[in-house]
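Q: Now for the letters of each chain:
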Amino acid sequence: MSSGITVADKYWWISLTSAKSNLAYLAEIGSRVFFLGVILYIFLRLWQVTYSETGSQTLGGLSLPQMLWYLAITESIILSGPRVAQSVDQDVRTGAISIHFIRPLSYPLYCLFNTLGERAVRFFVNMSVGALISVVFVGFVPMNWLGFFCFLTVLPLAFVIDFLGNFLIGLAAFWLEDTNGLVLIYSRMTMILGGMLIPLELFPDSWQATLKMLPFSAVVYGPARLFVSPDLAFYQDILFRQVVACIFFALAVAFVFRIASRRVFANGG
Amino acid sequence: MRTLVNYLKLAAAYTRLNLDAQLEYRGAFYSQVVAMFINNCIWVWFWVLFFGRFKVLRGWDINDVVTLWCIAASGFGLAHTVCGNALQLAVLIARGQLDVWMLYPRALLPHILLGRMSATAWGDAIFGYIVYLIFVKPDLPHFALFVALTVSIAFLFVGFSIFTGSLTFFLGNSESLAEQWRYAMITFSTYPATLFEGAVKILLYTLIPAVFVSYYPIIALRQLSLSHALIAVAGSAAVVAAGVFVFYYGLRRYESGNLMEMRG
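The listed protein sequences correspond, in order, to chains A and B.
Counting in this note's numbering, the first sequence runs from 11 upward without gaps.
Counting in this note's numbering, the second sequence runs from 1270 upward without gaps.
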C-alpha cells in the first residue's frame, strides 16, 4: 500500500469502485425498477381511493401529492438496500471472511463502504423512476434548498444504520444454521415500523412516540418526511436519533464482531 | 383416471422426499417457515392498522382483506410446497438443465415442477389456513370453499410461473423478466382488485391475472357464490393451459447445456 494513501482514501476508493461496478450493470438495476413502478402505482391507487372516500385534503398532515412523494422516497430507500446480511452470511459459511483478515482493511468498514457505493447508485436510479412517476401522476411538491440539504444529510446516516442492522444479522451466521428468516423479519419490521407503507402519523396515537424512537423510523420515515415537509426542528430531532442509533449499532457490531472473530478457524494452504 | 391417480401418487412421493431433504437441515427449514409466517402476519397487521383508521375501502372491510391475504398465501404456499421448481423454470431452461428430466418415463413438465420444494412456501400455506380459521372464523361451507379455492389459486400460480418461465425458450435468458412479472402478479394479488380501473383492470384479467386471486374468490367466499367460484377456477384453468401450451411449444427450441448432473 502506497504511503500516500490515507485510511479515509482507502475506504473512499472502495466505495467509488463499488459504485462504478454497479453503474456497469445499470440495465440490470433498470430492470428492477419495474417492480418499484408497480408498487408505486398500487399505492397511488390505494391512497387516491382513501383520500377520496374520507373526503380529506390531508391525512397525517400530508396531501395526496406529498403522500405519493413520501412513498416514492420510502420505496426507493427500501428497494435500494443491497443484500448485506446474505453476503456476510456467505463469507462466514464459505470461510471467505478469513481472507479479509489478512488484508490491511477492517472487514466491517470494507463492507460498509462497499455497500454505500452500491446503494448510492441504486437509490439514485430508484429515486429517478419514483420522481418521474410522482410528477406524472400528482405533479411536484413544494421544496426548498434547505429541505433538500437536510434530506441529503440524513440519507447517508439512514443507509449506515440499515447497514449496521443487516451486518449484525449476517454475523449471526457464526451461531445460526440459517439467517434468511432473520433477514426477512428485519426487512418487514423496517417496512412497517419504519413507515414505508403508511406514515407514522397514521398509526394509533399511543404507538407513535415509541415508533419514532425506534431505529427503523430513522432509516425510512425520517428522510422521507423531511423531503416532503421540511422542518428544521424535525431535522435536528431526526439527526440526533440517527447519531444515537449509529453509535449504538456500531458498538454492537464491534462487540459481536470481536466475539465472532474468535470463532474463525483457518485450515489448509 | 388411472393416469391422474398415478400422477397424484408421484406428487405425494415427491413431496415426501422433498420434505425429507428439507428436514436434513431442520434448523434452517423451521426458521424459514416461521419467518415467512411472521412476515405474512406483519402484512396483515399493516392492514389491521389501515382499517383501524379507514373502516371501508371501496366496499371492502378488514375481513375481506384478511381473507385475500389468507387465500393468496395458502394458494401460493400450496403451489410451491408441491411444485417448487416452478419458480426455477426460467433458470433451468436458460442453463440447458432440462436434459436430466427428459430421461424419465413420465411427462416432462409435471416431473420438473415436482422436483423441488420451497421451504418458505410451508410458512405461506400454514399461515393462510390458520389465520383464516382464527381471524375470519368461517363455518364449514365457507371453509370447504376456501380450501377448494386455494387449490384453484395454487394451479393459477403454477400455471403463471410456467408461462413466464417458458418465455426463456423464445427470449434467451428471461430470468429477470420472469421474476419481475411474478412479483407484479403476487403484489397485485394481495391488494383489493376494486382499487384498479381502466387499462389496469384489463391487465389484471390478462397479462397479470390477479383478479382470479384477489376478486372472484373473495366475492365467492363473501356471498358463498358458486358462480364466482367457477369463474375463478376457469381463470386458473385458462392460465395453466396457456402455460402448458407455451412450454411445450417452446420446448422445440430447447438446446441442451451438455451438463453432467446427478440427482440424489
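Hints in this document: simulated from the structure, not taken from any laboratory.
Glycine residues also receive a C-beta, built at the ideal position from the N, C-alpha and C atoms.
Hints are not guaranteed to be accurate.
Claimed, not checked - Just so you have them, the derived chain B footprint on chain A, three or more residues with Cβ under 8 angstroms:
#: 1; region: 212–223
#: 2; region: 239–252
Said to hold, decoys possible - Short, incomplete list of chain A residues facing chain B, as computed with Cβ under 10 angstroms:
#: 3; residue: Tyr51
#: 4; residue: Ile52
#: 5; residue: Glu63
#: 6; residue: Leu261
Q: Starting from the hint list further up, note which numbers the structure goes against and sort them upward.
A: 2, 6
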